[in-house]
Each structure stands twice: as structure tokens, then as C-alpha cells.
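Novice: Spelled out from the first residue to the last, the chains are:
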Amino acid sequence: MRQAWIIAAKDLKLRVRDRSAFIVGIIAPLGLAAIFSSIFNPIENFDFSATYAVVDQDGGLVATQFVGGLEQFGAGAEIIKVATRKEAIDLADVEPFTSGEGVDAAFVIPPGFSDAIQSDRPAELEVISGPGGVAASVAVAFAEQFASEMTFARIAVASYESLGGTDDRLSAGLRALATPSPVSLEDLHAANKELAGKTFYAAGLAIFFLFFTVQFGVNSLLDERHAGTLRRLMAAPMRRSSIVLGKGIMSFVLGLVSMVVLIVATTLLFGAEWGNPLGVFLLVVGGIVSALGIMGIVAGFAKTAEQAQNYSSMLAVILGFLGGTFFPVGQAGGILADLRFITPHAWFMRGLGDLAGGNVADVFPAVGALLLFGLVTGAIAALGLKKGLQP
Amino acid sequence: MTARVNVLVCRDLRRSFGDNAAVKGVSFSIAEGETYGLLGPNGAGKTTTISMVTGLLERDSGEVFVDGKPLTTISVDAKRGIGLVPQDIAIYPDLTARENLIFFGKLYDMSGKALKDRVAEVLEIIGLTDRADDRSDEFSGGMKRRLNIGIGLLHKPRLLLLDEPTVGVDPQSRNAILESVEHLSDQGMAVLYTTHYMEEAERLCDRVGIIDLGEIKAEGTRRELVQLVGQRDRVRLEAGGSGEAGVGALAGLGYVKEVSVRDGGIEMLVENAGAWLAEILAKVTAAGVTISSVDVEEPNLESVFLHLTGRALRD
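Just so you know, the protein sequences line up as chains A and B, in that order.
At position 39 of the first sequence (counting the first as 1) the number is 38 in numbering that gives the first Met the number 0, and the numbers step up by one without a gap.
At position 268 of the second sequence (counting the first as 1) the number is 267 in numbering that gives the first Met the number 0, and the numbers step up by one without a gap.
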């Protein structure tokens, strides 16, 4: 273990001396975060507004509650305009609204909707929207929230009656509950949570560049082999695992320092809001562990340092894009929104989203996912590194 | 007379890479204060042998003992007694000479004043005291080589392995390196020195193992090895005219062995060439061969290698 620290200290000295750690770990992400933040900044100035059409072909109690809930959803914030049309309308007539005439999405409440719900029959609420975007996601999320509340109320009524409840007034009361309560943005599905603009770009670029920073440390094993010093290290009186551990410690420290500097700097300079420090720390640790595992795989199986550098850079960019570090992939909808969770980046961003306004415990799922990434990829990396530790 | 203790014992080392058997049953031992040379051409199996002896490379079979302790790739204790000077320069160019030495010293559990003093001592030995705090990427090739050796010496190993330490070194630095190595065995260190330079092996080594195609062909002191070729001098005559006629004239002489035409000249092994040279020249001239130069070479390790393998060291 002592030797691992000695190796880590030597590597840190080398990285500080050649300044590469500063450039990749701090200067580049800070600079890019500043540029992105000032040029795009689309979510900070959120000013979310959307116009929804409701085609109420039903006109019943539940439909009315739905429309009321939707209007209340946007009330006060003046972010959502709801236009309702109660006359019968062909679905084909709605679609143009959603693609170019100022309506972002339309809810179509079919005839018999309220009756179906009140008599426990399946009911269908259709959301028609364009190909994606925030407004469409919000519309879908609102409808899903409405549907889940319906289901909850139905279960409550069914449970009461199955347990022998005979009070008609209570049943009626419970049925009355089978109407949507006002829905707020915070009620929306967690997967659609995104960070505010400056924080989003600061966090996205921090996790993106973390992979490059960590790559420095892990790939230095291949540099040692290329330089011939690996033979000396392997001939020294220590276990070979100490060499790998030393590289891991160095990468971890480098990653941690660069993340801390970035977090402090973006908070002070750009006004990024990272959230509870302990929660952020846990996410950073999880992020570094996952980056170590993934970059370890590359270092373990690459034949040369140059090859490892190319592979890991490519991987870092792909994972970064897919994980939504440059733009909020979750709001794009479709398969990308789900696919992003195969990357640690998405879990890191998700964890920060969960942490925003929440408490430390809210990041546990994301931290768990990140550590799991690290564990699985680390095990695979260990196989490759064992093979790679040859003179 | 007290028998010297063996610091290194290797028994029947074998290692293959796929179908290629790089080392085929190499055995040798080195006593304290002894310098043992592994002499062979490139690809003979020297580096593979050293890699197994240092525990860098897993062996297919065989045993290695350092100071009586068995050594494998996962040994820790036995490795404390070994100092390695790899063939390729293995230093950190961004660190100074002193920082390089301190780093490797710490890996060998050295610390504090003892480490500081030893670093200063080694810098003196390798002649880099004046440049101790310069980054090693500013050093000449020879200086890097000397630092490479200094790192191997730092922890006062019982066994020092030098893998072709003078490859690519200028004559001045080469001489400095050889002088350093000469002093090491005086300090009781056992030294394993691999080289394909015959003159280095002759100068430095108490005993030499001649290795080729993964096998030790012969082993012993220089005198013992030379006796393998029968103390015969190698004589080469640069000849004009028919070399074959000259060979015919010499073939029947009892003191001339293995006479042949090679590269346009006549080569032969002669017992005590000094005594017979005049007669040889007279017979060749009488056979109609014009002699432009005469070269007499006493037996050396090169001759031994040629005798044992049928080819020159640098082939």
C-alpha cells in the first residue's frame, strides 16, 4: 500500500510538472462551460411557455376536472395557455395545430371518457404533439400523472368495497377523489428533470472532462510500459496490484481536485447551483469510480498508450454526448432519453437533478448506479490490466 | 580458503512464446563478488533469461533462488536483493536525477537521511553530482545510461543484473560504465552482465556463459572457454590468385587445422602461429598465391562462440 501512494505521488508530481492535469482537468472545462453558458444558456432563462389545445369531445365531469387541472397547472406562472374546444372534431384536424400553428400539443378527450372512468372501464386520453421538445414532454408527463392518479383512486375505491365497505356516501366520496388534483412541474416524472442552464453546462462539462482527467492517470500505466519504467516497477519489492492501485489513487485524486475546483469556480464565477455539498460529493466520488472503471478497460486492453488515448477520447466523447452533457437528451424524448442511462454521465446529471431542491438521500439511486458502473467495468478492467502488466 | 556463497542460483529455466522456445533449460549460478557474463547475439535469450531471474516474466519451468530465497513473479522479499538495470533506459525524463533516485529508493523501503546520503553517494559513483538537480531529459545519452545504472545500484542489492548496459553509448561513457561495474564486484555484489560485446565480457566477467538459441552452449572462465578451441590462433591471409591452391599447400601440415577459403582470403587455425608463420607464408607463396596482408588473432571468446555455434557473435 505504501508503494501505491509513492507511485501516486510521483505521478501527480509529473502531471503537475507537465501542466497537463491543469489544462484537461480545469482550464478546458471551465473555459468551455463559460462559452456554452454565455452562448446558449437555454434552460437558465427557462421561461417555459407552451400552448396546449384540449379537444373535449366528452364534456363530462372527469374531462372538466382534467381541463381545470391543466389550467391550474399553468396558473400564476403564466407559462401554459390552454385552449379548449368542446365541439366534436376530427383528430386529423388537430394535428396541424401541433406542428406549426402555435399549439405545442393537444389533448383529445374522447366521448364517454368520464363515464368510462366513473364506471371502472378503460378510458383513453390521447396526446398529440410534435416530434419532441420540452413542451411535448411536459404534455405527456401531465397526462401520465393524471392517469396514475386515476388508477390510485380506482384502487382506493375497489379496496374499500372489497373489504365490505357499504357506505354509499364514502364510496361516492372516494369516487369523487377520482379526479386529478392540480399537477405541478415537481410532480412530473423524475426522468424528465433537468438542471438549470449554468449548472447544467458546468456539471455536464465537469463530468465530461472528468473522463479525460481520469484517463491521464489510467493510461500512464501504458506510458510506463512504453518508457521502460514498468520493468523497474515490476522488479521492485511490491505486489503488481500496488502499481495499478497507485495509478488508481493518482487518477482519483486528480479527478477529485479538478471536480472540486470546477464546482467552486462555476459556483463563484457563473452562479451555478450544484446543491447539497454532501450529495454533490457522493456523486463526484461515484462519477470518478465509474470513470476509473471505464477508462481502466481501455488501458487494460489497448496495446499502446497512443491507442489507449484514441480509444478513451472517442469513448469519452460518445458517452458524453449520449449521456446528455452537452444538451438535455432527456428532453429530446424517444430512444435517446432511455438510452442515456447506459452512461455514467446521465446518472451523474440525473443525480444532480434529483438533488436540486431535494435532500442527500435523493442522490443514492444515482450514486448506486455510478458505483455499480465502476464495479462492473472495474472488474473487466482488472482482467485486462493483469494481462497488460507484462514487461 | 572459504567457499563463496551463491547469491543467484538458476536451475533449468524454460520459457516459450507460442511455438518459439526462447529459453531452453538454462542453468547457472553466481557467487558473491563474482561477475558472470551471459554472452550471446541478439535474440539468443539473454533478456528473457534476465526477465525470469528478476521475476518480471513467468517461467514455464525451472527454479530461481536469490540469496537462498525462491523467486517468482509475485515474490516481494526475494526482489529486495535484486537491482535491475534494463537494456532500455528506464528513467522518468520529467524528474531530475535526484528525484529519480529518491523515487526508486522509496520503493525499496529507503527513507530519511539514509536515503538522502545514499542518493548522494550514488550520484558520485555515476558522476552526476553536478547535474543532480537537472531534469534527466536534458541529459546526454551516456548520462542517462549512467543514471539508469545508478537506480539499479541505489539499494545496495546483493545481485545486480545489467542487461546490455552499454548499447548505444559513446566510447567515453562506455568506459565509465565498465569502470563502475568493475568496482561493484569488489564490494561483494554478485553481477549478472549480459552483452553481445565479446571485449566487455572478457574485461568484466569472472565467468562467462555462452548463450545461443536459448541454450547455454558452454560456461567457464575465459581460459577454460578458450581451451575449447584448443589454444589455436586464427590466421587470415588476404590472398591474390587461387586461394584453393594455398589451401592445398597447407592441408597436409600437422599444425594447421580447419584451413579454408573465406571471403576471398585463406583462414586457418594454427597451433602456436608465431612459431610456424614464416613456413606457412613460404608454402602459400610457393603455391602461386600472392599475399597482401597477414592477420593473426589469438583465441578469444569470439573464436569460442564461432567454434561452438558456427557463426559470429554479430551475425
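A couple of the hints might just be wrong.
[Claimed, not checked] To list a few chain A residues with every Cβ distance to chain B over 10 Å, as calculated: (1) Gly59; (2) Met233; (3) Glu272; (4) Met313.
[To be verified] No farther apart than 20 Å at their CA atoms in a straight line, the calculated lysine to aspartate or glutamate pairs in the EDC-like style are these: (5) A:Lys12 <-> B:Asp132; (6) A:Lys385 <-> B:Asp59; (7) A:Lys386 <-> A:Asp222; (8) B:Lys216 <-> B:Glu237; (9) B:Lys23 <-> B:Asp87; (10) B:Lys155 <-> B:Glu137; (11) A:Lys302 <-> B:Asp93; (12) A:Lys12 <-> B:Asp136; (13) B:Lys216 <-> B:Asp185; (14) B:Lys112 <-> B:Asp93; (15) B:Lys68 <-> B:Glu57; (16) B:Lys155 <-> B:Asp116; (17) B:Lys23 <-> B:Glu218; (18) B:Lys155 <-> B:Glu31; (19) B:Lys115 <-> B:Asp132; (20) B:Lys68 <-> B:Asp116; (21) B:Lys68 <-> B:Asp93; (22) B:Lys105 <-> B:Asp116; (23) B:Lys282 <-> B:Glu237; (24) B:Lys23 <-> B:Asp76; (25) B:Lys155 <-> B:Glu237; (26) B:Lys256 <-> B:Glu278; (27) A:Lys12 <-> B:Glu33; (28) A:Lys386 <-> B:Asp59; (29) A:Lys385 <-> B:Glu57; (30) A:Lys12 <-> B:Glu62; (31) A:Lys386 <-> B:Glu198; (32) A:Lys12 <-> B:Asp93; (33) B:Lys216 <-> B:Glu243; (34) B:Lys216 <-> B:Glu278.
It is worth saying that the hints were derived from the structure and are not from the lab.
Each residue gets a CB set at the ideal place from its N, CA and C atoms; glycine is no exception.
Novice: What hints, given by number in increasing order, does this structure fail?
Specialist: 2, 8, 9, 10, 11, 13, 14, 20, 21, 24, 25, 27, 30, 31, 33 and 34
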